[in-house]
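Participant: The residues making up each chain are set out below.
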Amino acid sequence: MSSLIVKRSSSRFSHVDFSKFHIFLSLNQNHKVLVSGLPPVLIKTIKNPSWSYLSVSRYHNFAHLSGKDKVLASGFRVLKSLFSTQSAAELSTSDGITVDGIVASNWTILDESESDWKSHAAAIAQSIQVIKRRLQWKKLMVRLDLLSVQLNKPDLWDDPVHAGKISREHGSLMAKMKKVRALEQELLEHIDMIKLAREEDDNELESEMLKALLQMRRNSNEKEQEALLSGEQDSCPCYIEVQAGAGGTESMDWAKMVMQMYKSWAQRHGYGVTVVDEMPGEIAGIKRATIKVDGEYAFGYAKAEAGVHRLVRISPFDSGKRRHTSFAAVAVIPILGDGFTHVPINESDLRIERFRAGGAGGQHVNTTESAVRIVHIPTGITATCQNERSQHMNKDSAMAVLQSRLDQREMARQAQVNAHHTQSLTDIGWGNQIRSYVLHPYRMVKDLRTNYEVTNPDSVLEGEIDGFILSYLSALLDKDEDCRNLSA
Amino acid sequence: MKLGLSRACFYSSCSASIFSSSIPSLTTIKPKIPLFLRPPTYSVASSDLQKWHGWAKSLASSVGSSFVESDDGPDSTLLCRELNWLLEDSLENRSSSSCFSFAACNYDSLDGIENVMLRISLDDLYQLWKQRIEERRPFQYIVGCEHWRDLVLSVQEGVLIPRPETELIVDLVSDAVSNNEELGQGLWADVGTGSGAIAIGISKISRSYGRVIATDLSPVAVSVAMFNVQRYGLQHVTEVRQGYWFEPLKDVEGQLVGIVSNPPYIPSDNISGLQAEVGRHEPRLALDGGASGIDYLLHLCSGAAAMLKPGGFFAFETNGEKQCKFLVDYMQNDIAGSFCNLNIVSDFAGIQRFVTGFRQ
Ligand SMILES: C[S@@+](CC[C@H](N)C(=O)[O-])C[C@H]1O[C@@H](n2cnc3c(N)ncnc32)[C@H](O)[C@@H]1O
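Quick mapping for you: the protein sequence lines, in order, are chains A and B. Mapped onto the numbering used here, the consecutive letters of the first sequence carry residue numbers 1 to 488. Mapped onto the numbering used here, the consecutive letters of the second sequence carry residue numbers 489 to 848.
By construction, these hints were calculated from the structure, which means they are not laboratory data. All of these numbers come straight from a predicted model, not from anything done at the bench. Every residue gets a Cβ at the ideal spot worked out from N, C-alpha and C, and that includes glycine. Accuracy of the hints is not assured; some may be wrong.
Below, a sample of chain B positions facing chain A; criterion: calculated Cβ distance under 8 Å [stated by the list, open to error]: (1) Trp636; (2) Pro707; (3) Glu809.
Calculated Cβ distances over 12 Å to all of chain B for the following chain A residues [to be verified]: (4) Gln129; (5) Gly320; (6) Arg351.
Could you put together the complete structure from these sequences and hints?
Facilitator: Below is the structure:
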């Protein structure tokens with residue numbers, strides 16, 4: 001075990017010339033070092049010397065790396081890939097406290113307003129555990145080791161496409177891992193500092209550290225939420241599709257309400273919304289519609305909505321004013337970016353049809369209707385677009401939908417557990433109810449998967465569905481973890 | 489050819505007179521600026537705009553399927569979609585039109601906005617929508633543009649509104665060019681260019697090497713085509729000339745690597761029964777193809793034999809299966825030896841629409 005002494009004051013540290021420091025650290029991992037010009041002392045123990053690196057970079061909070069620091073961080077990644085024991089590393093304070101240790105010692109967690117460092121530390125440590133669980137930490141580490149081994153193979157770049165994929169995945173997992181490590185590091189260093197400040201009766205430093213801990217605690221909620229969206233496709237934009245169940249106008253009206261709920265939700269989040277395809281009902285509502293939701297993590301959130309939504313109300317379309325139950329099915333399809341492998345599409349496997357075409361066409365007809373339907377003959381999967389103003393653009397847009405549907409089908413095929421949010425509309429059984437909206441005789445929206453409920457249906461139908469989404473996503477990830485523990 | 493002779497003579501004499509007097513007149517035809525390109529100088533209370541929108545919507549709804557029944561015209565669903573596009577083109581801030589057009593048609597998100605900026609006065613909006621419904625004036629003339637492929641082309645009365653079917657000609661050219669580099673680097677012609685649609689579409693494909701000359705007899709078409717060419721910054725590769733079919737191309741006879749055309753092909757007898765938007769508003773010169781509709785196509789086929797280089801490509805749009813077969817038969821028999829690799833291509837409605845081939 002090596003120990004490293006670095007003198008610093010946290011507030012001034014960020015002004016240190018980072019690049020020099022980097023060289024210095026790598027040269028002196030196993031020595032006690034005094035850096036001239038840097039004030040008071042901090043002693044820190046690191047079980048694995050390679051982590052000393054993070055202790056530096058964490059002050060430059062990864063999220064805000066400047067261009068120069070980024071170079072350094074990636075240089076580090078290369079360096080790291082030469083080590084294969086990274087997953088074995090566990091961080092601790094100078095007197096051997098680890099994050100798991102903090103959680104295990106059950107320090108009382110008091111209200112944020114209480115200036116108690118142990119309480120803050122315990123709350124943060126708990127958050128870190130939640131984050132790790134959500135990231136499926138153990139699996140992530142195993143995968144990272146595996147990828148590192150592959151990256152170190154000399155013949156890797158013989159297949160550049162494969163190599164690109166491996167290095168992208170490695171990069172993205174590495175970034176997640178580093179973020180957590182940085183959090184742990186920060187927590188432990190603050191604890192070290194507080195202890196040190198107490199030993200030396202440095203009140204100023206102690207209160208500064210206490211403040212820093214409180215800040216960390218406040219930020220940790222957001223970090224927990226971020227960790228909910230760590231799936232490979234979560235950051236992608238997506239399509240949301242809604243289809244009315246049996247029951248005529250009443251359920252078509254319900255389908256339209258559901259779609260409106262998602263449009264409002266997406267707009268609240270500042271996502272771009274475009275209607276790709278919409279098939280109106282004869283009297284009211286929609287039979288089916290597809291919207292495209294553009295923006296970061298659109299799929300990560302929206303995937304929680306896939307399934308059947310049930311409505312109970314007095315139907316405005318029933319002159320007898322009876323209570324009706326209607327259903328609408330929702331499917332969510334990620335739009336995979338360039339970094340993903342797509343199912344190849346053969347031009348000759350496609351049949352492209354003009355929608356609602358009739359008569360002689362050509363010069364005989366002037367119409368602004370230029371919808372097209374594309375049929376992928378081998379799979380029978382179709383895609384339609386009608387909202388663009390030219391046939392060419394409708395075709396492009398329908399092609400994009402088709403590609404996503406084929407990709408999704410492939411994902412579903414590959415997935416060992418066929419998670420229902422990878423299902424297409426046709427695969428979602430009407431029995432697969434996920435949420436119930438009751439407007440009469442009482443008023444409540446309840447998620448049948450999590451039992452999360454809200455007593456104001458209007459707010460939900462106006463797009464306030466984040467509570468449902470987040471509670472489902474956390475439940476989903478906790479459940480995942482349980483499954484793995486059982487099978488392990 | 490026998491059929492078309494008298495008509496051809498008529499038009500060619502007529503073209504000569506237009507041609508001689510048209511140099512000054514061309515400059516006096518100023519193309520109209522499409523709505524979406526006009527400056528947003530009209531400040532309108534959003535409540536007034538909502539009132540207009542409500543009125544326009546109910547006018548559109550009142551149509552039901554009556555136009556469909558009378559002449560295969562638009563139904564109210566389609567008219568409502570056009571209404572949203574009219575708003576989109578009129579409003580300074582395009583995205584705020586979505587507050588109107590979203591399915592539920594709720595105006596909530598506009599409530600906070602007192603005034604909106606429009607590119608057209610409210611009075612004119614009332615006027616235009618009335619024309620759309622009562623006179624069946626084509627939507628594209630109302631907004632002054634047509635979205636065609638990835639282009640937004642300016643159109644106005646006197647110029648045919650490019651059809652979705654015709655978009656495929658550009659794909660046919662694109663395929664031909666990608667199989668043969670030489671085609672991408674030579675001189676092309678789009679005869680009877682109208683708004684310039686096909687010419688601009690193919691200019692964008694062969695932008696770096698090739699050149700395109702577009703011709704039309706109609707001075708309005710010529711000036712609109714020039715406007716569109718300029719809007720896409722293609723004036724260095726795309727030239728517009730006025731005149732009767734190949735006449736303005738005498739200087740490049742035998743030098744073309746490709747010819748495309750969508751000439752008038754509707755049989756004269758069918759003109760009176762056309763959908764109101766077409767028959768009442770679009771120029772007859774752009775539609776009427778003579779007694780059987782095929783006069784110009786035959787004229788272009790034989791003309792193409794003289795204009796194209798050996799190996800040159802052509803693609804013509806036709807009225808459907810009958811004309812396609814007739815043309816292929818004509819080229820294989822009457823002018824045998826001029827063309828090879830003749831092919832009939834269907835549009836997305838499954839109608840045999842295009843004939844393509846190569847100069848031998
Ligand atoms: C069916 S429109 C096609 C316009 C355009 N190419 C398109 O596809 O949208 C036929 C065009 O041929 C032009 N035209 C008709 N007779 C012509 C002639 N004798 N010489 C040149 N152009 C002619 C018309 O003015 C019209 O623009």
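Participant: Just double-check Arg351 of chain A for me: nearest Cβ-Cβ distance to chain B has to come out over 12 Å.
Facilitator: 9 Å, violated
Participant: May I ask you to test the interface hint for Glu809 of chain B with respect to chain A, counting a Cβ-Cβ separation under 8 Å as satisfied?
Facilitator: Violated, because the Cβ-Cβ distance from Glu809 of chain B to chain A comes to roughly 11 Å (cut-off 8 Å).
Participant: Holds or violated: is there a CB of chain A closer than 8 Å to the CB of Trp636 of chain B?
Facilitator: With a closest approach of 5 Å, the Trp636 of chain B hint holds.
Participant: Minimum C-beta separation from Gly320 of chain A to chain B exceeding 12 Å: can you confirm that?
Facilitator: 26 Å, holds
Participant: Quick one: work out the minimum CB distance from Gln129 of chain A to chain B and report holds if it exceeds 12 Å, violated otherwise.
Facilitator: It holds; Gln129 of chain A is separated from chain B by about 42 Å at its closest Cβ, greater than 12 Å.
Participant: Would the hint on Pro707 of chain B stand, with a C-beta cut-off of 8 Å toward chain A?
Facilitator: 21 Å, violated
Checked against the numbered hints listed earlier, the structure breaks hints 2, 3 and 6; every other hint is satisfied.
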